[in-house]
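A.B. asks: Quick note, the sequences are listed as chains A and B, same order.
According to our numbering, the first sequence is numbered sequentially starting from 1.
According to our numbering, the second sequence is numbered sequentially starting from 478.
Misleading hints may appear alongside valid ones.
[Unchecked claim] Incomplete in silico selection of chain B near chain A, CB under 10 Å:
| no. | residue |
| --- | --- |
| 1 | T537 |
| 2 | L690 |
| 3 | R736 |
| 4 | T751 |
None of these hints come from the bench; they were simulated from the model.
Being a predicted model, the structure only gives us computed values, none of them experimental.
Virtual Cβ for every residue (Gly too), placed ideally from N, Cα, C.
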Amino acid sequence: MDVSEDLLSRARALVGSQGQPLVARHAVGTAAIADWCDAMGDDNPCYTDPEYAAKSVHGGIVAPAATLDIWVRPGLPAQSPSGRRGDDPQSKVIALLEAEGFVGVVAVNSELEIERYLRPGEVLQGVQVLEDVSEEKQTGLGTGHFLTTRTRYSTTDGEHVGDLLFRILKFKPGTGSAPKGEDSDTPKPPPSDPSMRPRPAINRDNQALWDGYRRHELRVPQCRSCKRVFFPSSPRCAECGSFDMGYLVASGKGALYSHVVVNYPQVPGFAYPIPVGLIELEEGPRMVADLVGVTREQLAIGMPLEVEWLDSHPALEPGATDSQGPITLPRFRPATPQRRPETRRAAEVSEGEQLPIWVLPVTPTRITAGALSTRDFQDVHHDRDLAHKKGSADIFFNINTSIGLMERYVTDWLGPEVLVRALRVKLGAPAYPYNPLTFTGSVTSIDTGSGRAVVEVTAKNKLGSHINGTVEVELPR
Amino acid sequence: MTKHTYAGKAAIVGIGATEFSKSSGRSELQLALEACVAACEDAGIEPSQVNGLSTFTMETNPESEILRGLGIPELTHFSRIHFGGGAPCATVQYAAMAVASGVADYVLCYRAFNERSGRRFGAGVQGRPAGVTAEEAQFSWTSSYGLLTPASWVAMFATRMMYEYGVTSEDFGRVAVADRRHAANNPAAHFYEQPITLEDHQKSRWIVEPLHLLDCCQETDGGQAMLVTTVERARDLKQPAAIVEAAAQGMADDQHMMRSFNRDSIVGLPEMGTCARQIWETSGLAPNDIKTAVLYDHFTPFVLAQLEEFGFCKPGEAKDFIADGAIEMGGRLPVNTHGGQLGEAYLHGMNGVAEGVRQVRGTSVNQVDGAEHVLVTGGTGVPTSALMLGVAR
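Build the full structure now, drawing on both the sequences and the hints.
C.D. replies: Here it is in structure tokens:
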């Protein structure tokens, strides 16, 4: 019997074994729910508004479905080496595998099945069962074993509330597909640091606009006499002849009027190919700017857009307000889909229906708030220094944040009283700061009889597919 | 109806060019002087007889150096036209106005550059330090967002044209196919004997979507000159005169160089419409009188728009007009019979003016029967110019 077979048989001996019940240290609470909602940007009043929730299908405040597995988490103290528990079956298999060099770990699947929504005051417990240890597999990351666990959640009274199937890959670092060799025929792209973009020429005629950008105000020229709004700036109003020129602070909302994708030439300051839009602002004027979070296939004339800001260039001279000063550029992403205030009925939803595209800016704050509000204190989700030390490019979303955002995306679209029955994701590329995540989705099945529907969701960033998931819901009939 | 009073009083009597290459191996000034000398020789005058010059503001060779190099004793007229490729027909217009009004006798129009081996326009405007002029401020409304080249600006119009008129990339490709078919027959063309198919066009790489590589003109080293004088003097010269029947410049409402994105509609070329109105009014001609045209083709989409602005078809119908080979030899209106700037060379449209002269003389490699009046246009998307050249009577 060789080492790998021996290892597998020892690991598989633990399949079916069950850990000690992990009991939540604190009850499900309204403050924690509210923090989760803030972190996810989820304004569903069923989670935070007692009056609304009382009249809803829930009859009172409930915790979002995606929070099922956060309540029994051991919290910050468990992160210290002495605080680690090792008596669950997964930890035991991990110890066996790590002894044989399978020290790398990556989460692969997370599948939450929701029996019922949780209410404030309930105390949960979880019992983990080791469901499977795979044979040795060759993966892109390296040779490894997939470990699958199922955790059954119940109230301390013993009422079953849901399950989590979780799969990780333990792999030997360095045994994956060899990193792609540099193709000597392919020229290296230029550095994409935006500070290398051409600086705008700031003069007396356009100063007020660029000053506004620095304050993240989307200013457009406006004649103070006749109030005409136009673009770009001019010292004289062609309509009424006035030289009294001011500006209007635009709402930042607009629609795509035309677009290009620049492939060549490639110059420093841009990550090619770059989609660039001609945006018609709701105040009327059109302006050119970067388009964020959309692929060329998603570009569509007329799509609603909203402004965001890129602080592109630091000052070359302290205190300068001309082109040598700090530069901020407006750029546009698809307008954030609005939360639907009324819940859709099953009959109103059709198979194949597309969800509106949602581009989410990813910031260190969002990553950290997401991790802490899901009670995940692993350092790689909040501490950049330690994330670097562990070989990660930066801090990144924990799984619960990604799933929470997926739940928000689907429930915002279907309405506040849709019941989430399952949240299943396959994990891919990490979500690092400053890489916007683009969510797309479609209805893959709808049963008008039961009201059950399945919505497929993908969230991508420039590194690839971050999550591929499905949300199973129950709609009012 | 307003007719320009100098119309019909001046003619192009000499054309001269260097070879068109990707690396000339000599200075831009030498290219300019060689082209100017060739134009004088073609006409049969001595360079020292020239007393007027007209060129582009983008030209790097100052009139004083042309004067020195040609041995010109004095110049009584020297003029420059702004906005890059919009200028070629306007250099002839200024020359025609100068000779018709008695300001000068012989005016050379010239343009020369090492645009491929030297500063390439297609490389964009990066690296320019930010200044404070109105023109630099204008650039800034697109450059910081990555629209740095003419291709990137034209592509923005092209996307909208596709959306509003249902034009396809294949429709743009038909312009490239026509140009390359004509160039294949022109020994002076870079793409001599190298025609392309629509499939080649579709397979060529993206430059700025929706523009493929084969939607874009070449980059060229070379020089081109034309000699202009009065119709009376022309009668004593070597070559049949190409009469300047009409010439026009045009700039239109809310023009922002090649980035007029704030007009009510951005699918037309109103500045070319301004030229078209003057050309038809002054020449007294109509689209049906025209058997061939040289339409500025830095990028294919605007060739379609020009057909519409000059009334060869209705707005939005150029794609149908060209569908059956109308702009190729044998078609209703063969366009760019020298191969255009996609096929022959990119000389800022000046080589197109020379082709207009050859069609009038009857000496084009792709001669169109009955080409008594030839329309030539300048750059598109920018403030521009146009010419109607005709056979002397």
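A.B. asks: Give a verdict on every hint.
C.D. replies: Results of checking the hints against the structure:
Of the supplied interface hints, the one on T537/B is violated, with its beta-carbon coming no nearer than about 21 Å to a beta-carbon of chain A, more than 10 Å. Given the 10 Å rule on beta carbons, the hint for L690/B holds: about 8 Å separates it from the nearest Cβ of chain A. About 8 Å separates the beta-carbon of R736/B from the nearest beta-carbon of chain A, less than 10 Å, and the hint is met. With its C-beta approaching chain A no nearer than about 17 Å, T751/B sits outside the 10 Å limit, and its interface hint is violated.
Hints 1, 4 from the list above are not met by this structure, while the remaining hints are.
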